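Engineer: Chains A, P and S, in that order, are what the protein sequence lines are.
Its first residue numbered 1, the first sequence is counted upward by one per residue in my numbering.
Its first residue numbered 277, the second sequence is counted upward by one per residue in my numbering.
Its first residue numbered 641, the third sequence is counted upward by one per residue in my numbering.
Think of the hints as simulated: they come from the structure by calculation, not from any bench.
Some hints could be false.
Distance condition first, Cα-Cα at most 25 angstroms in a straight line; then the derived SDA-like pairs of lysine to any residue [said to hold, decoys possible]:
| id | chain 1 | residue 1 | chain 2 | residue 2 |
| --- | --- | --- | --- | --- |
| 1 | A | K269 | S | P799 |
| 2 | A | K92 | S | L666 |
| 3 | S | K803 | A | I259 |
| 4 | S | K803 | S | V889 |
| 5 | A | K223 | P | H344 |
| 6 | A | K269 | S | E830 |
| 7 | P | K547 | A | G131 |
| 8 | P | K477 | P | V526 |
| 9 | P | K517 | A | D51 |
| 10 | S | K910 | S | E802 |
| 11 | P | K585 | P | R419 |
| 12 | S | K803 | S | T860 |
| 13 | P | K476 | P | R624 |
| 14 | S | K678 | S | V664 |
| 15 | P | K603 | P | A335 |
| 16 | A | K92 | S | P829 |
| 17 | S | K910 | A | T166 |
| 18 | A | K270 | A | G178 |
| 19 | P | K517 | P | R624 |
| 20 | S | K910 | A | P189 |
| 21 | P | K546 | A | M130 |
| 22 | P | K500 | A | K267 |
| 23 | A | K267 | S | V664 |
| 24 | A | K267 | A | M130 |
Chain A regions said to be covered by chain P (calculated; three or more residues, Cβ under 8 angstroms) [as the list claims (entries may be wrong)]:
| id | region |
| --- | --- |
| 25 | 78-86 |
| 26 | 114-126 |
| 27 | 145-154 |
| 28 | 235-241 |
These figures come from a predicted structure and were not determined experimentally.
All C-beta atoms, glycine included, are put in the ideal place defined by N, C-alpha and C.
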Amino acid sequence: MEIRKNNGPLKWILIVISFLFLTIFLLLPLIYILSTAFRQGIGAYLVSISDEYTIKAAMLTIKATLWAVAVNTILGISAAWCLTKFAFRGKKILSTFIDLPVTVSPIIAGLIYVLTFGRQSDLYPILDDMGIQIIFAVPGIVLATIFVTFPFISRELIPVLTAQGTDEEEAAALMGAGTFTIFRKVTFPHIKWALLYGIVLCTARAMGEFGAVSVLSGHLRGKTNTLPLYIELLYQGYDFTGAFAASSILVLMAIIILILRLVLEKKGKKELDIKK
Amino acid sequence: MKKKVISSILTAVLAVSLAGCGKDENVSVVKAENSEATTSGEVIELTNVSYDPTRELYAAYNTLFEAHYEDTFGQKISVTQSHGGSGKQALEVANGLEADVVTLALEGDVQVVANAGLIEEGFTSEFPLDSSPYTSTIVFLVRSGNPKSIYDWDDLIREDVGVITPNPKTSGGAMWNYLAAWYFFEQQGQSEEEILASIKKLYGNVVVLDSGARGSTTSFVENKQGDVLLAWENEAFLSLKEYPGEYEIVVPSVSILCQPTVAVVDEVAKKHNTADAAAEYLNYLYSDEAQEIEAQNFYRPSNKDVYAKYVFSADSNTITEIPEDGKWINDNITLTDINHFGGWTDARAKHFADGAYFDQIYEQ
Amino acid sequence: MKRKSIIPGFGISFGLTITILSLVVLIPLCSLVVYAAKLSPSEFLYTVTRPRVLSGYYVSISTAFVASIVNAVMGLILAWVLVRYEFPGKRFLDGIIELPFALPTAVAGISLTHMTTTNGWIGKIFYDAFGIRIAYTRLGITIALIFIGIPFVVRSVQPVLEKIDIQCEEAAFMLGADRKTCFRKVIFPEILPALISGFTLAFARCIGEYGSVVFIAGNTPYETEIAPLLIMAQLQEFDYSAATSIALVMLLIAFVILSINALLQSSVAKRVNGKS
Numbered sequence: 001m002e003i004r005k006n007n008g009p010l011k012w013i014l015i016v017i018s019f020l021f022l023t024i025f026l027l028l029p030l031i032y033i034l035s036t037a038f039r040q041g042i043g044a045y046l047v048s049i050s051d052e053y054t055i056k057a058a059m060l061t062i063k064a065t066l067w068a069v070a071v072n073t074i075l076g077i078s079a080a081w082c083l084t085k086f087a088f089r090g091k092k093i094l095s096t097f098i099d100l101p102v103t104v105s106p107i108i109a110g111l112i113y114v115l116t117f118g119r120q121s122d123l124y125p126i127l128d129d130m131g132i133q134i135i136f137a138v139p140g141i142v143l144a145t146i147f148v149t150f151p152f153i154s155r156e157l158i159p160v161l162t163a164q165g166t167d168e169e170e171a172a173a174l175m176g177a178g179t180f181t182i183f184r185k186v187t188f189p190h191i192k193w194a195l196l197y198g199i200v201l202c203t204a205r206a207m208g209e210f211g212a213v214s215v216l217s218g219h220l221r222g223k224t225n226t227l228p229l230y231i232e233l234l235y236q237g238y239d240f241t242g243a244f245a246a247s248s249i250l251v252l253m254a255i256i257i258l259i260l261r262l263v264l265e266k267k268g269k270k271e272l273d274i275k276k
Numbered sequence: 277m278k279k280k281v282i283s284s285i286l287t288a289v290l291a292v293s294l295a296g297c298g299k300d301e302n303v304s305v306v307k308a309e310n311s312e313a314t315t316s317g318e319v320i321e322l323t324n325v326s327y328d329p330t331r332e333l334y335a336a337y338n339t340l341f342e343a344h345y346e347d348t349f350g351q352k353i354s355v356t357q358s359h360g361g362s363g364k365q366a367l368e369v370a371n372g373l374e375a376d377v378v379t380l381a382l383e384g385d386v387q388v389v390a391n392a393g394l395i396e397e398g399f400t401s402e403f404p405l406d407s408s409p410y411t412s413t414i415v416f417l418v419r420s421g422n423p424k425s426i427y428d429w430d431d432l433i434r435e436d437v438g439v440i441t442p443n444p445k446t447s448g449g450a451m452w453n454y455l456a457a458w459y460f461f462e463q464q465g466q467s468e469e470e471i472l473a474s475i476k477k478l479y480g481n482v483v484v485l486d487s488g489a490r491g492s493t494t495s496f497v498e499n500k501q502g503d504v505l506l507a508w509e510n511e512a513f514l515s516l517k518e519y520p521g522e523y524e525i526v527v528p529s530v531s532i533l534c535q536p537t538v539a540v541v542d543e544v545a546k547k548h549n550t551a552d553a554a555a556e557y558l559n560y561l562y563s564d565e566a567q568e569i570e571a572q573n574f575y576r577p578s579n580k581d582v583y584a585k586y587v588f589s590a591d592s593n594t595i596t597e598i599p600e601d602g603k604w605i606n607d608n609i610t611l612t613d614i615n616h617f618g619g620w621t622d623a624r625a626k627h628f629a630d631g632a633y634f635d636q637i638y639e640q
Numbered sequence: 641m642k643r644k645s646i647i648p649g650f651g652i653s654f655g656l657t658i659t660i661l662s663l664v665v666l667i668p669l670c671s672l673v674v675y676a677a678k679l680s681p682s683e684f685l686y687t688v689t690r691p692r693v694l695s696g697y698y699v700s701i702s703t704a705f706v707a708s709i710v711n712a713v714m715g716l717i718l719a720w721v722l723v724r725y726e727f728p729g730k731r732f733l734d735g736i737i738e739l740p741f742a743l744p745t746a747v748a749g750i751s752l753t754h755m756t757t758t759n760g761w762i763g764k765i766f767y768d769a770f771g772i773r774i775a776y777t778r779l780g781i782t783i784a785l786i787f788i789g790i791p792f793v794v795r796s797v798q799p800v801l802e803k804i805d806i807q808c809e810e811a812a813f814m815l816g817a818d819r820k821t822c823f824r825k826v827i828f829p830e831i832l833p834a835l836i837s838g839f840t841l842a843f844a845r846c847i848g849e850y851g852s853v854v855f856i857a858g859n860t861p862y863e864t865e866i867a868p869l870l871i872m873a874q875l876q877e878f879d880y881s882a883a884t885s886i887a888l889v890m891l892l893i894a895f896v897i898l899s900i901n902a903l904l905q906s907s908v909a910k911r912v913n914g915k916s
């Protein structure tokens, strides 16, 4: 054990570097946001965050986030299951495609939906007849949010399932268990912490999405403005207090989620230790 | 125990997501009901897609209009606003953003919507004065005391001056800036090549080329970049109002008459059954009450009487504060207009299209 | 197509994955190809190789590369510190790593810009002391991208580092290897695949970043104009084919980066398996 301890000055040098780096790059912007939010005192802050449109925007953001988490959870579980429990041709391509959205520029993510569902698309007359509007409406925002968080959950699950192998499932299948029984009783206990972590990440990222949503939202005040878009609107309207106050809501939500993750992770580790 | 809790959370998540699959249809059903509501006479909903600097103007005007409409027609109406770069907004409407009316920075952008088949031709003659209820112009905003002594367009090409203006490729206001500068150098008797060289120098001095007019104002005012901001007159006055004592407006010797164009988006209005309300919305912009509001928001009103009320006799081209009597319009300026450049189609092709003059400026 | 497996559930998981993937990612991406295909090959080539566009790619790729290198080094240090050392505030450090995911890119961009302009909290120090401008230069873009990319490397290296078998290390130590050698010969090879994968993901993500960069970049053509902004500019001119062509090239770059990563991963995996 001694090799991992007692690293002398190196340890502290590295720790100091880490602290400095994170302070400059993560904490300072955060402090800046909060200090600007309260620049005109707590009264102005409260007025800003209880503004009708801020609340509407926050609700829309929460809605889009819930959708993205729900769809990506289903996708994540099924993708992880079929990529790790079976061998089939095209597996690598499939897994690359699932990862692709993270690396696609948010602008392009927005653009592809505009091209697919916009007025110049062949699909538009059909959708229009059915009275369905996708872009510049809530469904488009939801789609864009799903897109940018697409692989977040499957990426967390795949390594865990790979490490776990297929023996247990095979044994269960030999004993005659059905798909869902196997998943619930055998696989699920292994992946639940990874799944929760994935959900947390997905939630965090979905709340903050800006680029893709901005391309296809239409910025209708009170209707299709998500919180990040509304922040930009306030910022450009010289309402810096309002903009940073609204940002602080997102910061707060993010911090809550991150704390939640730490707590969950701790519990998960404890459970694992007991098992061992 | 814990296992149960977690699995029930996950089941709930799955259930929500499954239930959600059906929800999409609900959204469209609600939409359909909304459009019927407009005919059955509850609250008419109008959507006005506008450009960046008009936020304050339309916030005030919508309140006025909503009251006026209810008084006159006995019907409640509610207007939803959308703001952004003029070109981007036009693009979104053309792509299916359901705007009943557009109030954009220039006729060229409304033309884009018309080209998509959404607005009937001849929209510029649908409302009085080329469908421009208010106009504006381009002025300079400099820091208090004008430390770099910037008084006219030729000061902008001095080497020690940092200029802030948005990108004409993405911003309507920026095209006006560019054309105004062009007109100045033309008035100096320069040949086209010389003008291009001067414009090149000017854009060589640009410190930040933001994508929209508001972005530029923020770079100049909040982030303190550059020495001079080329701005819409209304934006410049707004900065004076928001930051008293920190900035001064310099009115150059020549500039351009910016005519923001309004239009009913016929196809959408037909679909929403809001054509009459939309036309009334735009017509009312010409009323005396509305013209006053426009003037108070530092747009030049088109009504001669209202205009005259806000003119002050200028002896200096520098404005350091908003006049207490509210008379802010400086008449001591020569304005050209877009017709001088052969209209928007020609101006775009010559200056702003791919590989046209503006692109050549940045070629190395 | 698939090798026989006794585990059930291939059909449903594969089906679900493919369905969601097609609806959200593949079909919309196809429309990108359809629009780009409206240009003839020579027009396409001309559009994507104009000097201004090439310089856009160059700015995006070079700043993303530098930022990802910084993140790879700092990510490694952070992961090491978080796994190996105990110190006050560790939990806190661990908790804020995901902040860049959760903070809207626009908010990050706005606050970073404010802090790094010549009269901002940090920018002032650098400008007064060294005459270095941060905001509105490529340095500013790089800083925004470092912010965006922090979580990628840390979160891919951290789990691997946690799992490294202590016995391996101890054995090496017993055999007389000093700490440096131990790190180079035992630990580094183990974490290399994770490091590469974190690096490539961060790199690919940064190339496409728009929301945070557009505020801090200054957007001067040939200097600080990024490729996603060019897409926006082309759209503004209603030139869909040009916009989609540039987008397609960026997509290809992302895809190539991901594929290289996949290849590296599998070759590393083979080497490891071959050894054991």
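Engineer: The structure should be examined with respect to each hint, and the outcome stated for every one.
Structural biologist: These are the hints, each one checked on the structure:
{"no.": "1", "hint": "A:K269 - S:P799", "in the structure": "13 angstroms, holds"}
{"no.": "2", "hint": "A:K92 - S:L666", "in the structure": "16 angstroms, holds"}
{"no.": "3", "hint": "S:K803 - A:I259", "in the structure": "24 angstroms, holds"}
{"no.": "4", "hint": "S:K803 - S:V889", "in the structure": "39 angstroms, violated"}
{"no.": "5", "hint": "A:K223 - P:H344", "in the structure": "24 angstroms, holds"}
{"no.": "6", "hint": "A:K269 - S:E830", "in the structure": "23 angstroms, holds"}
{"no.": "7", "hint": "P:K547 - A:G131", "in the structure": "11 angstroms, holds"}
{"no.": "8", "hint": "P:K477 - P:V526", "in the structure": "20 angstroms, holds"}
{"no.": "9", "hint": "P:K517 - A:D51", "in the structure": "23 angstroms, holds"}
{"no.": "10", "hint": "S:K910 - S:E802", "in the structure": "22 angstroms, holds"}
{"no.": "11", "hint": "P:K585 - P:R419", "in the structure": "29 angstroms, violated"}
{"no.": "12", "hint": "S:K803 - S:T860", "in the structure": "47 angstroms, violated"}
{"no.": "13", "hint": "P:K476 - P:R624", "in the structure": "18 angstroms, holds"}
{"no.": "14", "hint": "S:K678 - S:V664", "in the structure": "23 angstroms, holds"}
{"no.": "15", "hint": "P:K603 - P:A335", "in the structure": "22 angstroms, holds"}
{"no.": "16", "hint": "A:K92 - S:P829", "in the structure": "24 angstroms, holds"}
{"no.": "17", "hint": "S:K910 - A:T166", "in the structure": "19 angstroms, holds"}
{"no.": "18", "hint": "A:K270 - A:G178", "in the structure": "30 angstroms, violated"}
{"no.": "19", "hint": "P:K517 - P:R624", "in the structure": "34 angstroms, violated"}
{"no.": "20", "hint": "S:K910 - A:P189", "in the structure": "29 angstroms, violated"}
{"no.": "21", "hint": "P:K546 - A:M130", "in the structure": "17 angstroms, holds"}
{"no.": "22", "hint": "P:K500 - A:K267", "in the structure": "49 angstroms, violated"}
{"no.": "23", "hint": "A:K267 - S:V664", "in the structure": "34 angstroms, violated"}
{"no.": "24", "hint": "A:K267 - A:M130", "in the structure": "49 angstroms, violated"}
{"no.": "25", "hint": "78-86", "in the structure": "violated (count 0)"}
{"no.": "26", "hint": "114-126", "in the structure": "holds (count 6)"}
{"no.": "27", "hint": "145-154", "in the structure": "violated (count 0)"}
{"no.": "28", "hint": "235-241", "in the structure": "holds (count 5)"}
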